[in-house]
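Residue strings, one per chain:
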Amino acid sequence: GDSVTQMEGPVTLSEEAFLTINCTYTATGYPSLFWYVQYPGEGLQLLLKATKADDKGSNKGFEATYRKETTSFHLEKGSVQVSDSAVYFCALRGGNQGGKLIFGQGTELSVKP
Amino acid sequence: GAGVSQSPSNKVTEKGKDVELRCDPISGHTALYWYRQSLGQGLEFLIYFQGNSAPDKSGLPSDRFSAERTGGSVSTLTIQRTQQEDSAVYLCASSLGQVNQPQHFGDGTRLSIL
Numbered sequence: 001g002d003s004v005t006q007m008e009g010p011v012t013l014s015e016e017a018f019l020t021i022n023c024t025y026t027a028t029g030y031p032s033l034f035w036y037v038q039y040p041g042e043g044l045q046l047l048l049k050a051t052k053a054d055d056k057g058s059n060k061g062f063e064a065t066y067r068k069e070t071t072s073f074h075l076e077k078g079s080v081q082v083s084d085s086a087v088y089f090c091a092l093r094g095g096n097q098g099g100k101l102i103f104g105q106g107t108e109l110s111v112k113p
Numbered sequence: 114g115a116g117v118s119q120s121p122s123n124k125v126t127e128k129g130k131d132v133e134l135r136c137d138p139i140s141g142h143t144a145l146y147w148y149r150q151s152l153g154q155g156l157e158f159l160i161y162f163q164g165n166s167a168p169d170k171s172g173l174p175s176d177r178f179s180a181e182r183t184g185g186s187v188s189t190l191t192i193q194r195t196q197q198e199d200s201a202v203y204l205c206a207s208s209l210g211q212v213n214q215p216q217h218f219g220d221g222t223r224l225s226i227l
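Those protein sequences? They're chains A and B, same order as listed. Counting in the working numbering, the final residue of the first sequence is number 113, and the numbers go up one at a time with none missing. Counting in the working numbering, the final residue of the second sequence is number 227, and the numbers go up one at a time with none missing.
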């Protein structure tokens, strides 16, 4: 079945460092891909999405490109801030799965001043 | 409010008791989802309602779990004869009906089984 694998955390970075969180997927058909973020004590929020190959989703300085050839959707940010400390979840919604999301296990990011 | 609302925010109950968790979706959203977030299993899909269609129950872990959605709006997730492994945060999300529309999540109900 469909699945998502993302790099394990926790990831600890200094402020202004470059961030990459790897995400790869297995899916039949043509899934849509998402990154969700969960800040401490808060609910899941959609960070960005891409619905077809080569699409780039972006929001709040974060970017991810839908790479069908490598089945990947890596999350990047050029300069992280302390306020980016959160848990990041990669997810897919398969074309033949109705609306349900399949999530990766989450990656905890901690940014130090 | 404008977001997905879940109640209660926290629930502590004894093993063997039944619990009901409530979700109020965003007004106008025809799709509603329940997920479970637990330490050992991450985020798992439970059940999905879309309009008047039969729900997708493929993620429900056992027949102790059931859910209904009345009037196409509010949903209740019921867990009967709770077990300690049911302890988790139960998340509800809603979206507009189209497949590519993003899901908006509530803050969840933290369920603890003693």
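In short, the hints are calculated from the structure, not lab data. Backbone N, C-alpha and C fix where the C-beta goes; we use that ideal spot for every residue, glycine too. Treat each hint with caution, since some may be false.
Stated by the list, open to error - Between beta-carbon pairs, the in silico distance windows are:
id	chain 1	residue 1	chain 2	residue 2	range
1	B	Gly141	A	Gln45	18 to 26 Å
2	A	Ser83	B	Gly116	38 to 46 Å
3	A	Gly1	B	Arg194	42 to 50 Å
4	B	Glu181	A	Gln105	41 to 49 Å
5	A	Ser83	B	Asp176	38 to 46 Å
6	B	Asp176	A	Gly61	42 to 50 Å
7	B	Leu209	A	Thr28	21 to 29 Å
As the list claims (entries may be wrong) - Derived list of chain B stretches under chain A, where covered just means 3 residues or more per stretch with a C-beta under 8 Å from a C-beta of chain A:
id	segment
8	158-168
9	184-194
Now for the hints, and whether the structure bears them out:
1. B/Gly141 to A/Gln45: 18 to 26 Å: holds, 19 Å
2. A/Ser83 to B/Gly116: 38 to 46 Å: violated, 21 Å
3. A/Gly1 to B/Arg194: 42 to 50 Å: Violated, at about 28 Å.
4. B/Glu181 to A/Gln105: 41 to 49 Å: violated, 30 Å
5. A/Ser83 to B/Asp176: 38 to 46 Å: Distance hint for A/Ser83, B/Asp176 holds at roughly 44 Å.
6. B/Asp176 to A/Gly61: 42 to 50 Å: holds, 46 Å
7. B/Leu209 to A/Thr28: 21 to 29 Å: Given range 21 to 29 Å: holds, Cβ gap about 24 Å.
8. 158-168: holds (count 3)
9. 184-194: Answer violated; 0 residues pass the 8 Å Cβ test.
Consistency note: the structure conflicts with the earlier hints numbered 2, 3, 4, 9.
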